[in-house]
Every structure is written in C-alpha cells, then in structure tokens.
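First to last, the sequence lines map onto chains A and B.
Just so we're aligned, residue 1 is where the first sequence starts under the numbering used here, counting upward by one.
Just so we're aligned, residue 1001 is where the second sequence starts under the numbering used here, counting upward by one.
Derived from the structure by calculation, the hints contain no laboratory data.
Keep in mind the model is a prediction, meaning the values are calculated, not measured.
Even for Gly, the Cβ is constructed at its ideal location relative to N, Cα and C.
Where hints are given, some of them may not hold.
Which chain A residues face chain B? A few, computed with CB under 8 Å, are given here [to be verified]:
#: 1; residue: T154
#: 2; residue: S220
#: 3; residue: T223
#: 4; residue: R323
#: 5; residue: D325
Computed far set for chain B versus chain A, every beta-carbon distance over 10 Å [what the hints assert, rightly or not]:
#: 6; residue: E1069
#: 7; residue: Q1120
#: 8; residue: A1330
Protein chains: 2
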Amino acid sequence: MLRLDLNRRRVVYRHLPTGAEGSEPFDCLLLATGSRPLRPQLPGIDSRGVFGIRTLDDAERLRRFIDREQPRRAAVVGAGYVGMEMADALRRLGLEVDLVGRSAEVMGTLDEEMGRLVSQAVRDTGVTTYLGQVVRHFEVAQGRVAAVVTDQRTVPADLVVLGLGVGPNADLAREAGLGLGVRGSVKVDEQLRTSEPGIWAAGDCTESYDLVGRRPVWASLATASNKTGRIAGLNITGGEVSFPGILQTAMSGVGAVEVARTGLSSRDVEALGIAGEAEQVAATTAAAYLPHSQAIAVRLLGERGTGRLLGGQIVGGQGAAKRIDTVAAAIQGRLSVADLIDLDLGYAPPFSPTWDPLLIAARQLAKRL
Amino acid sequence: MLRLDLNRRRVVYRHLPTGAEGSEPFDCLLLATGSRPLRPQLPGIDSRGVFGIRTLDDAERLRRFIDREQPRRAAVVGAGYVGMEMADALRRLGLEVDLVGRSAEVMGTLDEEMGRLVSQAVRDTGVTTYLGQVVRHFEVAQGRVAAVVTDQRTVPADLVVLGLGVGPNADLAREAGLGLGVRGSVKVDEQLRTSEPGIWAAGDCTESYDLVGRRPVWASLATASNKTGRIAGLNITGGEVSFPGILQTAMSGVGAVEVARTGLSSRDVEALGIAGEAEQVAATTAAAYLPHSQAIAVRLLGERGTGRLLGGQIVGGQGAAKRIDTVAAAIQGRLSVADLIDLDLGYAPPFSPTWDPLLIAARQLAKRL
C-alpha cells in the first residue's frame, strides 16, 4: 500500500477508495510505523473466538463477543504483561480463566525468583496457570475455537486471547533498503537518523540502545517511543538533540500486586558474560506496624569487581512499582550498589520502613560485589 | 545526671534510686543523645491541657486526656509536619481543630507555591488554619488552657498540642567541651568522630552535611540518624566507613494528600546565593483517563549555567510522595536537569502518565537553565 521511492524522494501510496496510485514528495521523512502483534500460523488460530488485542477496535470486538456469546471459559495465550493483564481483566468479568505461557513463570522478563511471586499473584486472582508449555494448535468445533492444545495438555476454552508479544513493523524501511537492526527494526543513530539521509525513524519500529548492556536491543515501550518521537521532531526541525538509550524500565500489575523491572535481568547478565550477583529481599511498603503496610520484594543486580548497579526488579503491594524509578535514576546516574546505600530516600511510617527496601537490598548486595 | 570525665575517660552518672554517684570507664564512646522538642517559655505554656508530643508516653497522656475530658476545640501550635499530622489526627477523632503557625503556609520547608497546596489539603480535612501568626501566650482559666493568643487573634481551645520543632540535645558534649556545630549540635567528621579522640556521635544530636548546599546543617530525620548510627558502629568496631551527607529528604501527609521534599528549597537557594530557577507543573499520578488518577504537583529547582539539579518538592494523591526518591537519586548521581529528561522511568497507565510528571517538570525547567 505504501512504498518509499528514494530516488524521487517520494512516498508512494494507493488511494484506497479509488485504487489510484499517488505520491507525496519529501525533504525530510519520519518513519513511525510502530510494532505489530506476533501471530504464529498455528492451526486453528484464525477460527472464531480467537482474539488478538492491539487496537481499541480489537478490544471493543472482544468485549462485544463476550457480551453476546457469554463465553464461560477463556484461555489467554502468552504470560507476559499483556497476557497477565488480560487474564486479570477477563477474570474480573466473571469468566473462568486459564493463562498459558511458555516461560517458567508469568512475566518472563523478570528473574524466576521474582516471576514466581507474580505467578502466585495471578493465581491469587483465581486464574489457573499452565506455564512452561508451548502451544501447538487450537481445537475447533463448528468453526469456533474449543481448546488450546499445548505440548502438555488440552485447555478447553470458548474464548482465546492472544498476548504473544510484538515485533517491529519495519516493512517500509526494509523494502526501501534502509539499514536494519535487532529483530529487523529500523537502525537509527543517537539523533534518530536512519541510514538514508533525510529519513528519521522513531518509536516502536526503531532499534534502541541498552545503556547497561551497552548493546543494541529492540523494545516496545511507550515512554521510549514517545521520547524518540520528540527527539526526532526536534532534530528534523533543525535541533541537535541526542537520545542516549534505555533501561527497558517496565511495569504492570495483577490484582492488587504491582510488578516493575529496569536494567538487566540475571538472564541478560549471563548472556552478556557479565560477572553478576543478585540479591533479593522481602520487606514492607510501609512501617510494618501500620495496617496498610504490604509485602514488597526487591531484587537488585550488581557487577562483581566494579560494584556497578545493573538492574532491579520489584513485586509488591500498592505503591511498589513506581519505586523502580529510583533504581533507574541510580543506574543512569552511574551510582554503584555501595553508593545506593547512602541514598537519602524519603521516610515516614505511612510510606516506607526507616530503611527503604531498596537500601536493604543494596546493603546485602554490596557485601558480595 | 550524666557527665563526661575526659581526663579519666569515664562517664559519670547518678544512680537515681539511691542518689549515689557512679562512673563507667570507656575506650570508645558513642554519643546518641538525640533531639528534644522546642518549648518556648510563653506565659501559660505549662497549664493543664497543653501537650508536647515527643514520646509514646506523651501520646498516651494526650489520648487519655481526650478520652476523659472530652475537649471540643483543639489548637495545634506549629505548622510543620508534626503539627499538620496532629491536626489531621485530632480532626479524625471528631474535635474541632485550629492549626496555628508562623510560616505563610503549612510545611514551611516547602516553597510557598507548594505549601499553598498543603495548606489547602489541611483545610480540606476540616481543620481551620491561622498562618503567618506568632503565638504570644496561652489564656488560662481555672488552671486550664482556654485559648492560644497570637499577635493577630485569640483562638479558643480546651486542648493545645505543641509541634514547634526540635533542637539537638548536645548538653553532654557541650559540657565536656567537645566541638559543636550548627544550632549547637555535636560536630562530627565523615566517620562520625567528634573533636575528642575515642568519642563518636550519631543521630539527631549531630551536625549533618548538606550534599547540595555543600554546608553543614542540622536536621532531625530518622533515616539519616539511623544511617549514622550504623556508620559510627562500624567505625567504632574497626571499620573505615564514611557517611557523605544528606539531602534532607522528608515526607508527610494530610488526609489523602502526600507531601515530599528533597534538596534545596527556593529559600535555601537564595540564602546560599545560588543562581536558581524553579519550575512547577500540575499533572496526574496515573493516566488521566483512569478513575483512580489523582492530581500531583511537582516542583524542581535547578542552577542556571551549570544545569545542576538542586531540589524537588511533590504534593499529590496516593503514591505521590515516594516519587521524591527519584529526585534524590538523580541529585546524588549528579544528574543535570537536562539529564533527568532522559531518565527511563516506568510507565503503565495505572501508575503514571506516559511522560512522568518529573520528566515534564525537568523539560520545562531545562529550557531556563
């Protein structure tokens, strides 16, 4: 439908109502083609009752299906944050919900010791989890989905929601021969310039730079996408602004439990050959004697020898997730794990124990770096 | 009652039941004598119905007085966080409450533009505020307090609670001739050593170092006190650990509104002769379309020329206060206000707008530095 003509510096399009081809000239061009859901071609995936959820229209279609057809059993395929949040939402609507995922625990971007807490939080909402399982196909009866079949079991379902992640939508760039990066995303420099002069790219279609792992990565996160759009816009209009990179900070929640992560996970650390150590502590969100105080688990990762802070993960009650921002700021400020101990974090009994859980984790971790 | 004999390296005490004097030798000594409430000798301050609140016993005495005497009107004198929290607590018990304070707004450690939001939050709980007023004396009738008299009005009250702040309790150190610092606190170095070899001091009785203002200060904050105790203990037992200093990070709340601050205020900036700029933004704690999203005001201070981040203040709904930790970590990581814009802070609609309020404030402030 769309095509870049780099010689003529034109975007070529087809006018949908008439089918006529047209084109628009450009001096500067911004590619912001985003990402798209992964949808493996498994048998039965296109049958009635199987829903992807990408757009508001998708959500409305799903909601109408639920209202009209009154499904009783829903299976959510994919145990990342989208799958987890969908399972939570469907359960709140009163459906029986099974969550089927490939990773050992829900939220595979966390270390397993933390993911275990998330899996439990999912089960605490009444959702049944089938983890460490690979979906093979979907059973179909009278044109409608009837079950999700994994390598280990058959999970009956009148409704299936797919949350299998996303990939970059870089077709336009690839077809035009622009440089590509991780997972086929559009390669850009710090100013968001592509390999082709006059063409910038921003958002989910672009490659990012991992500030801790010091490597290109592809991530699909709203804040980074939004920021790169701003930077590209500033540069296209004559600015000279750079975007240093990301920590892949992300957060989500299920029931009353909040989940957040930033920087490298133990899996990342291992893949990068970094001498990493992790420390996980159980603490409370507020002074333990207050009735609203809730459990919080904090995991920090650091590098042996240098003492460098590599990442953090949090699972806990109300207010837990946004505490990841302190870890993100500490990483971007190049604080060591030992420096973290001296952070002057806020304390009052309703908001934190005297020693903030992050500081307790840092104290424990610093001893081993 | 207690005395230090530096020549004999002994702590001299009087045994209370017998009145006999005794002494205890020391090789190393830790002074942790804390702080004590300020209690100006105003006429009527010692009459029945006037309460200081320092210890748990004080709180229980106050609670017994309320239960037995059923006071109807309470006046809280002092509009810092103790006064504010006491006014809130007394109002919850059903009393009519007036809050009388010298500063123009409640929480004089914030800039007035932020303090105004706190004053309003106090009034929203049903407390009446009389601010910018100096208490002259207390009216007494039949030996009981009857009113607080300021330079501007008479505030009738059957119960008065004092929240006039605290000062260092450094009598022991002063009488022994140890070096003293700001407000007569015990002067210590980064290792928490006093001027006298073998004597350390920690906690509220000691002077602190302000990391942003780069000056000695005296503060009474639980986290710093707790940390200095740990450092002193490590050093007394043969360690060599330093405590770099503090940002005076503090937080409190009234009703459903949370309040936090860190680093320098506009008043500090002015007193230090720093070329400071402040930027205050109004945002929401979560994506604005979510029903639980609440107002949050963020104020950041930066230095013109250097772009240095100097401080931050937050007033807002649930989860607002702990966000000050991100500012504290950024200051301790020596991030500039412009660096702050690139922080990879967590986003998901239930927890934050796509652009975190701190980042919005940083973007605005960076333009003027």
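Hint check:
1. T154: violated (33 Å)
2. S220: With Cβ-Cβ at 12 Å, over 8 Å, it is violated.
3. T223: holds (5 Å)
4. R323: holds (6 Å)
5. D325: Interface hint status for A:D325: holds (4 Å vs cutoff 8 Å).
6. E1069: holds (28 Å)
7. Q1120: At roughly 20 Å from the nearest Cβ of chain A, B:Q1120 sits farther out than 10 Å, so the non-interface label holds.
8. A1330: B:A1330 not clear of chain A: closest Cβ-Cβ about 5 Å, inside 10 Å.
Hints 1, 2 and 8 from the earlier list are contradicted by this structure; the remaining hints agree with it.
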